[in-house]
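Going down the list, the protein sequences come from chains A and B. Under this note's numbering, read the first sequence as residues 1 to 180, first letter to last. Under this note's numbering, read the second sequence as residues 1 to 206, first letter to last.
Since the hints were derived computationally from the structure, they do not count as laboratory data. There could be a bad hint or two in this list.
So the derived list for chain B, only partly shown, Cβ under 7 Å to chain A, looks like this [to be verified]:
(1) S2
(2) E9
(3) G25
(4) A29
(5) A37
(6) L41
(7) V53
(8) L55
(9) L56
(10) A59
(11) F163
(12) R170
Okay, the calculated bits of chain A under chain B, using three or more residues with CB under 8 Å as the criterion [as the list claims (entries may be wrong)]:
(13) 19-31
(14) 117-125
(15) 149-158
(16) 161-167
By construction, the Cβ of each residue, glycine as well, lies at the ideal position given by its N, Cα and C atoms.
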Amino acid sequence: MLSQEEKSRMPQPDGPQDFASIYDRYFPRVYGFIRSQVGDPVEADDVASRVFERVLDRLASFRPERGAFDSWLFAIVRNSVRDHFRARRWRALLFRDDAPEPAAREPAAVERLLADEERSQLLRALQELDERGREVLGLKFQAGLTNRQIAEVLDLGESHVGVLVYRAVKKLQAALGGPI
Amino acid sequence: MSDVAARFERDLEARASGRAPAPGGDAAALAVAGRLAGADLAAESRVKESLRVRLLARARRQAPGCRPPWRFRLPAGLAGALAAAAIVLLLLRPRAPAPPTLPAPAMMVRESSRPASRRPLPAGAAARPRTKRLTARAEGVFLALPAGSPFEARRPVSGGSPFMTVTGHRTDTPRGRAVVWELDGATYMLEDRSVRIEDLFVKPTL
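Can you build the whole structure from these sequences, using the hints too?
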């Protein structure tokens, strides 16, 4: 059986069938990460679309010898999320009537959009974290990356990532109303 | 802090592999991590299937066997350099010398429509220009003429044809192309401007 590290060092995909397998395998993890960062599910869909378009465009440039496929992929995902937030800030500056607040920050909107109360609570609590904390939790628990892979994506040390993950979990625990 | 974090990471790995974490760990934090890892956020996506269909169709079009032989991809740097060179060439392209043009904001009108031959000129008046330049301020599409300006519609000479042919030349003005022609010592200009709907109508706002 292949280890997680070996699995992530996939051979360079070639052809639509390979892209299909990548899409099927990674969509839940990619979308889960994006959704944990972006408050609005419609915006999360937009970001996910851009991510997989970029992946398709750049797939030929992936070199397994340079690093794990997961790290390469989630670097694209992370940049796309950052682009999304940057664009939203610009829109908020240019069009004052364009509400900068994500819909998920409004409990009522979340209640309407999310049928699952558990998901709703988690998403609300995630929105209360700082950007870095939300990012490491999304990469760790939705994208399913190891601390080493998160360190590659964020360009940090592995032990530093462990500390960030633990702190963010404790903040999430507090945001959910549990004892710290 | 790093010891606590390392312990937490070990407990997480133990739980992920189905083993029970060692006693004395942060059970509440582990429970929160378990809740987050178990949340299926991807179930919310409404584009998953349609995006898959769209991107797979695109992937098939981009597959090497499906690509027409005349389509090839330039390296990104070379493509950028070629684009920049094309822009520079366009900017440096010599332009044809423009014919002499009249000042655009001004409008030339004849002072009188009567033929000069019918009006006896006083001595010394031959050098006087027979046209008067009415400086008009450009306001959108139309030129505003000063009130009471001696503008008269040109009427045909009695017995003559109401139509006549004159020769003009094309020119460029700051606001667009124009045709300029001269007639009886006066210069006329017909401008061709692009007009927006906002130039013609005012949108009332309360």
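For each hint, the structure was consulted:
1. S2: Hint on B:S2: holds, closest Cβ of chain A at ~6 Å, below 7 Å.
2. E9: Holds. Min distance 5 Å.
3. G25: Since the shortest Cβ distance to chain A is 11 Å, the answer is violated.
4. A29: B:A29 check passes; min Cβ-Cβ to chain A is 5 Å, inside 7 Å.
5. A37: At about 4 Å, which falls below the 7 Å cut-off, the nearest Cβ of chain A leaves the hint on B:A37 intact, so it holds.
6. L41: Holds, because the Cβ-Cβ distance from B:L41 to chain A comes to roughly 4 Å (cut-off 7 Å).
7. V53: violated, 10 Å
8. L55: holds, 6 Å
9. L56: Because about 6 Å separates B:L56 from the closest Cβ in chain A, which is inside the 7 Å limit, the hint holds.
10. A59: For B:A59, the interface hint holds, since the closest Cβ of chain A sits about 4 Å away, which is under 7 Å.
11. F163: Hint violated; B:F163 Cβ to chain A Cβ min 55 Å, cut 7 Å.
12. R170: Violated, about 41 Å.
13. 19-31: As far as the region 19-31 of chain A goes, the hint holds, because 8 residues have Cβ atoms under 8 Å from chain B.
14. 117-125: Check passed, 4 qualifying residues.
15. 149-158: violated (count 0)
16. 161-167: Result for this restraint: holds, n = 5.
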